[in-house]
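Asks: One letter stands for each residue in the lines below.
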Amino acid sequence: MLRWTLHRVGAGVALVWLVATVTFLLVSLAPGDFASRLNDPRIPPAARLRWRRQFGLDRPLPLRYASWLAAAATGDLGTSWTYKQDVTTVLAEVLPNTLMLTTLGLALEFIGGISLAIVQLRRPHGLGDRAITLATLGAYALPTFGVALGLIALLSYRLHLLPPSHMYSLEGELATGWQRAADLARHLVLPVTAIGVTGVGAVARYLRGSLLDERREQYVLAARARGCSQRRAIVRHALPNAILPLITMLGMSLPFLVSGSLVIEVVFSWPGMGQVMFNAALGRDLPLLLGGTIIATAAVVAGNFLADVAYAVADPRVRV
Amino acid sequence: MRADRRTHLAVAALIGVLALVSCRRPPERVAAEAPRDSAARGGQVIVAVGGDVTTLNEYQSSGDQTEADVIDLLFPMLMIEQPDYQLHPPSFAPRLATSWEFSSDNRTLTFHLRPEARWSDGVPITADDVRFTFLAQKDPTVGSLGMEMKDFIKDVEVVDPHTVRFHFTRVYPYQLMDANDGHIVPAHAWGRVPFAKWRTTDFARILVTGGPFRLAAHTPQQTIVLERDPLYWNAPRPNLDRLVMRVVPDMAAQLAQLFAGQVNLVQGVSPQEADRVKANKDLDLVEFPSRFWGMIGWNNRRLYFEDRRVRRALTLGINRKSLVDTVFRGHAKLSSGPILSSMWAFDRNLRQLPFDPAEAAALLAQAGWRDANGDGILEHNGHDFAFDLMYPSNNILRRQMALLIQADLARLGIKVRPTGVEFTSLLARTEAGDFDATLWGWVEGTRVDLTSAWSTPTPSQGSNNFIGYSNPDVDRLIAAAREEPDYTRSKVLFDRIQELIVDDQPATFLYESTQLVATSRRLHGADINSAALFFNVEEWAWGP
Numbered sequence: 001m002l003r004w005t006l007h008r009v010g011a012g013v014a015l016v017w018l019v020a021t022v023t024f025l026l027v028s029l030a031p032g033d034f035a036s037r038l039n040d041p042r043i044p045p046a047a048r049l050r051w052r053r054q055f056g057l058d059r060p061l062p063l064r065y066a067s068w069l070a071a072a073a074t075g076d077l078g079t080s081w082t083y084k085q086d087v088t089t090v091l092a093e094v095l096p097n098t099l100m101l102t103t104l105g106l107a108l109e110f111i112g113g114i115s116l117a118i119v120q121l122r123r124p125h126g127l128g129d130r131a132i133t134l135a136t137l138g139a140y141a142l143p144t145f146g147v148a149l150g151l152i153a154l155l156s157y158r159l160h161l162l163p164p165s166h167m168y169s170l171e172g173e174l175a176t177g178w179q180r181a182a183d184l185a186r187h188l189v190l191p192v193t194a195i196g197v198t199g200v201g202a203v204a205r206y207l208r209g210s211l212l213d214e215r216r217e218q219y220v221l222a223a224r225a226r227g228c229s230q231r232r233a234i235v236r237h238a239l240p241n242a243i244l245p246l247i248t249m250l251g252m253s254l255p256f257l258v259s260g261s262l263v264i265e266v267v268f269s270w271p272g273m274g275q276v277m278f279n280a281a282l283g284r285d286l287p288l289l290l291g292g293t294i295i296a297t298a299a300v301v302a303g304n305f306l307a308d309v310a311y312a313v314a315d316p317r318v319r320v
Numbered sequence: 321m322r323a324d325r326r327t328h329l330a331v332a333a334l335i336g337v338l339a340l341v342s343c344r345r346p347p348e349r350v351a352a353e354a355p356r357d358s359a360a361r362g363g364q365v366i367v368a369v370g371g372d373v374t375t376l377n378e379y380q381s382s383g384d385q386t387e388a389d390v391i392d393l394l395f396p397m398l399m400i401e402q403p404d405y406q407l408h409p410p411s412f413a414p415r416l417a418t419s420w421e422f423s424s425d426n427r428t429l430t431f432h433l434r435p436e437a438r439w440s441d442g443v444p445i446t447a448d449d450v451r452f453t454f455l456a457q458k459d460p461t462v463g464s465l466g467m468e469m470k471d472f473i474k475d476v477e478v479v480d481p482h483t484v485r486f487h488f489t490r491v492y493p494y495q496l497m498d499a500n501d502g503h504i505v506p507a508h509a510w511g512r513v514p515f516a517k518w519r520t521t522d523f524a525r526i527l528v529t530g531g532p533f534r535l536a537a538h539t540p541q542q543t544i545v546l547e548r549d550p551l552y553w554n555a556p557r558p559n560l561d562r563l564v565m566r567v568v569p570d571m572a573a574q575l576a577q578l579f580a581g582q583v584n585l586v587q588g589v590s591p592q593e594a595d596r597v598k599a600n601k602d603l604d605l606v607e608f609p610s611r612f613w614g615m616i617g618w619n620n621r622r623l624y625f626e627d628r629r630v631r632r633a634l635t636l637g638i639n640r641k642s643l644v645d646t647v648f649r650g651h652a653k654l655s656s657g658p659i660l661s662s663m664w665a666f667d668r669n670l671r672q673l674p675f676d677p678a679e680a681a682a683l684l685a686q687a688g689w690r691d692a693n694g695d696g697i698l699e700h701n702g703h704d705f706a707f708d709l710m711y712p713s714n715n716i717l718r719r720q721m722a723l724l725i726q727a728d729l730a731r732l733g734i735k736v737r738p739t740g741v742e743f744t745s746l747l748a749r750t751e752a753g754d755f756d757a758t759l760w761g762w763v764e765g766t767r768v769d770l771t772s773a774w775s776t777p778t779p780s781q782g783s784n785n786f787i788g789y790s791n792p793d794v795d796r797l798i799a800a801a802r803e804e805p806d807y808t809r810s811k812v813l814f815d816r817i818q819e820l821i822v823d824d825q826p827a828t829f830l831y832e833s834t835q836l837v838a839t840s841r842r843l844h845g846a847d848i849n850s851a852a853l854f855f856n857v858e859e860w861a862w863g864p
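Residue numbers (this note's numbering), protein chains in the order written: chain W, 1 to 320; chain E, 321 to 864.
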């Protein structure tokens, strides 16, 4: 067990290094650098050359890579060129915002999907089952931004029920305590729904399929024969077995938790990782981009690891 | 890249959805009734901005517009540049300095400071702050973008707490502008941080300001709340209690929130949206000539564009007037030369090249471009006349221009391949000269100095003459004009320069666009002009 864990951790670290290195090379070799944007004629052209010297962009690539790696190995991700703050500080500011949004979105997706699948299984191929399948697949096929914009148009601009954007209203930002929390909750509803609604179809579909298989298994029949209700037989007996593919799905969703959804963040003016990373990529803010990449890759590694552990817990046939 | 595309789809879809809902007004705004004179004092205005500020220290800023606007509201300047550059080089109005005078040899400039000026913590703003600011601007470890503006200022001398003297190494036309460049920063608060540490310092933590507003709250990527500073020393003091910047990255969402009354001012309304704003009775559309203009930069070093007859033919072959009218829907005017038509130095007798395809074809033939093999494309020395026209891939207006140019030049037998390029890559390729032709645009400064854009590039100095234009006569005249202190005399030089550049057509000048700003009708007294969005912010009032 210890050996296995060490092996996995080692492989994980190697993967993070590999991804960060490839990112470093890709961004460094892409045309343009952080100083390129100083093309405004009101800024003297000499400023561009000066910035390149200051940020070390005029040094040879291997040297730049070596000094970045040496610092990163000691946990120093450097200073963001745009924000003039530690990369960790910048990321620590936006990561909680993204996590809040994506965790709730994923929770809605999974809880909603599981509940729907169970409801569908009450009368498979019945009217309700078909209607739910149609609706969830419809939602799954819709692009996230379409759902997001539809929700905003309807619930914000037509019915004036919920705010169309941002984490807080102006009053909420200046408020404290529960008032602030309530304001945040109101602002979370639309983006979380937009994430949840589009993903719920996939979860329901997966689970319905595997539940249909499990339902015909002899242990479910045996449970029914012992007088167990249909609902109980499914929820208590079939569900734990049918849920295995969802664990894999959940593990694969972890990077999304960290890196966020650019579309949702732009549409809802949500201050998260997606926007920060997108702008860092466009502005060639290398330290920030690498810091974010390292965190997202670490999340993938951790997600896979956790999914494997969860698998082992859920399925006694799998032993690590 | 995928995310990028999705964002664009999202924007496009949002415009569609909003078109459906925009005609409705939220009921609470109709109900708002207040006496007329309540507009006089108090209230807040919410301004939509595209991005957040990353630093409040001007000398660490990379010049982003929102950042520059916020810094301008928080920190004082010696003088305020006036938007009168149509008539003569811009004049200045007093601010921190009440008056100023040059010595008889014009090498020293003395400013008299307002004795009652205070920082937001109550400490007086003095000549020491002015000198400290100058030292920061000149310090290479600080790396301020405007460092070169101070090249000819040898020293700033503190005469007494309210008198400060600038010593110049030479006499030239823009001494006043260079002395004034940059906001004054607090020596007593920021002087404690060594210059070498400025690049990694979060100045929001040691913020002391000296403008009409002070920072009340800043939530990253969301909101910047400025409130009236009760200690502000200049009259008039602002009417508004608060000025709020709301970060809304998506332009379509900015407009949607304006229509819904959630923000009160949107800058940079696109020409396509102008009519929709005008039609709304709760909104005003302010339009004024911006200094943003655009052109096709021909890479003068490339085979096709070396010959000035060819470059002239390209301009003659493009229906520029129709292009500008189609793309900007009347919110831009045709540009004709290297100086904006709204500038004092513009030559009003400058001859425009007309749209004349026949003359264009004749010039191309003279230059040796003929369709010998009958494939519809001109050739010269075995090369087809076919080239890439580069534009920023996220810029819809420029894509439209590229397509119109393609169609016009196809009629002359020239094959244009419109090529969308990611913005930073486009900048890098332009800077490196790695392009055939580029749709290029920028905001012109109020200083008329053609050196960086039109003089022969000198690699060691850096240059913005990315198209590689070189004409020794133009170089000589530009150098002379930039030394000439009397602007009526430099005007003669500028007229000649414009004539020469228009003859050479190193670029095809296309448009000078107007800036469209949408505001709520409840905003009173705002004089939004090309000098600044917040030019007279003290007089803004929020009323019924």
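If you are wondering where the hints come from, they were derived from the structure by calculation, not from laboratory data. Accuracy of the hints is not assured; some may be wrong.
[Unchecked claim] Here are the simulated lysine-lysine pairs, DSBU-like style, with alpha carbons at most 35 Å apart: (1) E:Lys474 <-> W:Lys84; (2) E:Lys474 <-> E:Lys811; (3) E:Lys474 <-> E:Lys517; (4) E:Lys517 <-> E:Lys601; (5) E:Lys653 <-> W:Lys84; (6) E:Lys641 <-> E:Lys601; (7) E:Lys517 <-> W:Lys84; (8) E:Lys735 <-> E:Lys458; (9) E:Lys653 <-> E:Lys811; (10) E:Lys653 <-> E:Lys641; (11) W:Lys84 <-> E:Lys641.
Asks: Next, verify each hint and record whether it holds.
Replies: Evaluated hints:
Of the supplied pair hints, the one linking lysine 474 of chain E and lysine 84 of chain W holds, its CA atoms being roughly 30 Å apart against a limit of 35 Å. Between the alpha carbons of lysine 474 of chain E and lysine 811 of chain E the distance comes to roughly 28 Å, so the proposed pair stays at or under 35 Å and holds. Annotation: proposed proximity of lysine 474 of chain E to lysine 517 of chain E holds, straight-line Cα distance about 24 Å (limit 35 Å). Between lysine 517 of chain E and lysine 601 of chain E, the direct Cα distance comes to roughly 52 Å. Violation of the 35 Å bound is thereby established for this hinted pair.
With a CA separation close to 40 Å, the supplied pair lysine 653 of chain E and lysine 84 of chain W exceeds the 35 Å bound. Between lysine 641 of chain E and lysine 601 of chain E the alpha-carbon distance is near 32 Å, which keeps this suggested pair within the 35 Å criterion. For the hint linking lysine 517 of chain E to lysine 84 of chain W, the alpha-carbon distance of about 11 Å falls within 35 Å, and the restraint holds. A hinted pair counts as satisfied when its Cα atoms are at most 35 Å apart, and lysine 735 of chain E with lysine 458 of chain E does not qualify at roughly 49 Å.
As the CA atoms of lysine 653 of chain E and lysine 811 of chain E are separated by approximately 23 Å, the hinted pair is consistent with the 35 Å bound. For the proposed pair lysine 653 of chain E and lysine 641 of chain E, the alpha carbon gap of about 8 Å is at most 35 Å, so the pair holds. Between lysine 84 of chain W and lysine 641 of chain E the alpha-carbon distance is near 45 Å, which puts this suggested pair outside the 35 Å criterion.
Hints 4, 5, 8 and 11, counting from the list given before, are not met by this structure.
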